[in-house]
Amino acid sequence: MEFLGPIIFEIFVPILEFIAEPVSGFKPIPGQYFPYYFTIEYFQRPLIASIVVAIVAGLLGTFLLIRNLALIGDGLAHVSFGGIAVGLVLGGISPLWYALIFSILSAIAIDQMQTRKLITGDASIAIFLTGMLGLGLVVLRIWGGGVTATVEGYLWGSLQMIDTGSFDIIVTSCVIAYVVIIALYRILLAIAIDPIAARVQGLPVRYVGLLFSIITATVVVSMVQIVGVLLVTALLVTPAATAQLIGKSFRSCVILSQIIGVIMVILGLYFSAEYDTGSGSMIAFIAALGFMFVALAKYAIGFVVKPKENLE
Amino acid sequence: MSSDFFPVCGEEILNVRDLSVNRSGSQILRDISLSITCGEFVGIVGPNGGGKSTLVLTILGILKPKTGLVTIYDKTPLTKDIIGKVGWVPQTASELPTNVQITVREFIQLGTISSRSIFGISRKEREAVDKIITVVGLEDCANKRITKLSGGQRQRAAIGKALASEADLILMDEPMVGVDRESRNSIMRLLDDLCHEQNKTIVMISHDLASIKQTVHRMIYLEETIRYDGPTSEFPELSSLAKLRGIVATHDSQEQNAWSEDEQESGIIIMVPGKEGEK
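From first to last, the protein sequence lines stand for chains W and S.
Position 178 of the first sequence, counted from 1, bears residue number 178 in my numbering, the numbering being contiguous throughout.
Position 35 of the second sequence, counted from 1, bears residue number 35 in my numbering, the numbering being contiguous throughout.
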């Protein structure tokens, strides 16, 4: 059974092919291998999935940052590794489904532990992160033949593993997550700014928090194949943080974060194709470089433009 | 149903009966009874740990009372009928998150969200927000980020957010923390105008007795229970506060220092009742 995968694929493919060759004979995409991402179906799918994931991650990341939850993505990614390990051993359906279930349940548990003040701060994330990573490794060692190439693909991200089935899971969960976050846009912002005022205004703070956790878990799982368990945070936090450096309003931060995410992913895929490195590691590296570049540029501009303020 | 709730001056808006509240096992408030009518501007003062914030959070419905009852327009707080009738202004200067690049306009617009309209903002609401921005005097920095504002401007923005919800009853927790004296006075004037002209009811917690004393109509001194509740003009001077507390000789020196520091900071000496006019 397929959901939104084929539809999204049909929408994107003509665009990619147009970009690859807008006028007959003119091929603006640079590089020796990178153009394949635009023309060959086997590579088109990973490119589309990466772009979709970058857009959703940029949007979600902005809300994670204002809720001070930058590391929840990392935590849930490790949790989903536990799910993937169990899925690889049990087989049957795609390991991503197991990852999704593990990740959502843990997200709910973490949210409940934090709202019920069972333990404070990030401790609940730390417990789930290490516990589930441990579970995954133990399960693989006993029943799964250790850390194989497939397992490594999930750890560091591997675009070759994105087949029609996982493409469908990734794209569908991203579209659902995007729609839900946009629908909750103002209410999420209101809660992040002042939870008490939000409750006084009659907003369902608890339920929205829970729903947000589930959405975060879903997005994280959809990112695992592209950037890998260990690098999810790169795409979730870095573009949003970069946007915060230059955004002049919350809305502009939200939009910029998505644009920056897409640029970083495309640059990352270009360099990883041309220099034959892993996609996830290159995307993470490029995203961090982008952040540093923007931060330095901002500092430099501030130094040149407003020297008078500094004199005081 | 909601049409019954238009504020009428003199109508009772808030009623608290025999309220006792415990927080993590220890009793913070006991036997609180008070009634506040529309258009009143009430200041709640008292020492740290005296239960000011607890009282306000209980009125909001965030904390549940151990015994007693809070009603707003004869309804329980946080229930459907009175949602949107109550506004909340936190210690904004210190409590606003610094990691959100949100503009003043975006911030005040958040006040218009209700459980009925969470998805978008209508044109009518947009216009209402523009009007509120003018009322709180922030039209010059409507598109500036909150983090770039001064303490006083942020406080105005927070008041604007509460006004955007069209609340009749506005509760404020130490709103003058981090606000300089000049802005303090003009914010107090703004609040006074809101009470008189728009018939808002304002209940304000303050640590800084001197700065609110000139403006609020009614003063409540709270320390576990209400020790004084009456017109501001008859509020006793500082030296007799100790008598109100019933512990003349033993009150701790740290507490006393906290009060006198406030006085020094505001530069206003608390006057003997009845002499306000001479200032």
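If you're looking for bench data, these hints aren't it; they were derived computationally from the structure.
Model, not experiment: these values are computed from the prediction.
All residues carry an ideal CB built from backbone N, CA and C; glycine is no exception.
Some clues are possibly wrong.
Subject to a maximum C-alpha distance of 27 Å in a straight line, what follows is the list of computed DSS-like cross-link-like pairs (lysine-lysine) [as the list claims (entries may be wrong)]:
1) S:124 - S:144
2) S:80 - S:64
3) W:117 - S:144
4) S:131 - W:248
5) W:248 - S:64
Reference listing, derived: stretches of chain S covered by chain W, where coverage requires no fewer than 3 residues with Cβ under 8 Å from a Cβ of chain W [what the hints assert, rightly or not]:
6) 71-85
7) 183-194
Hint-by-hint comparison with the structure:
1. S:124 - S:144: Status holds; Cα separation ~22 Å.
2. S:80 - S:64: holds (17 Å)
3. W:117 - S:144: Violated. Residue 117 of chain W to residue 144 of chain S sits at ~36 Å, over the 27 Å cutoff.
4. S:131 - W:248: Holds. Residue 131 of chain S to residue 248 of chain W sits at ~22 Å (cutoff 27 Å).
5. W:248 - S:64: violated (40 Å)
6. 71-85: As far as the region 71-85 of chain S goes, the hint holds, because 4 residues have Cβ atoms under 8 Å from chain W.
7. 183-194: It is violated, with 0 qualifying residues against the three required.
Against the hints set out earlier in the document, violations occur for numbers 3, 5, 7.
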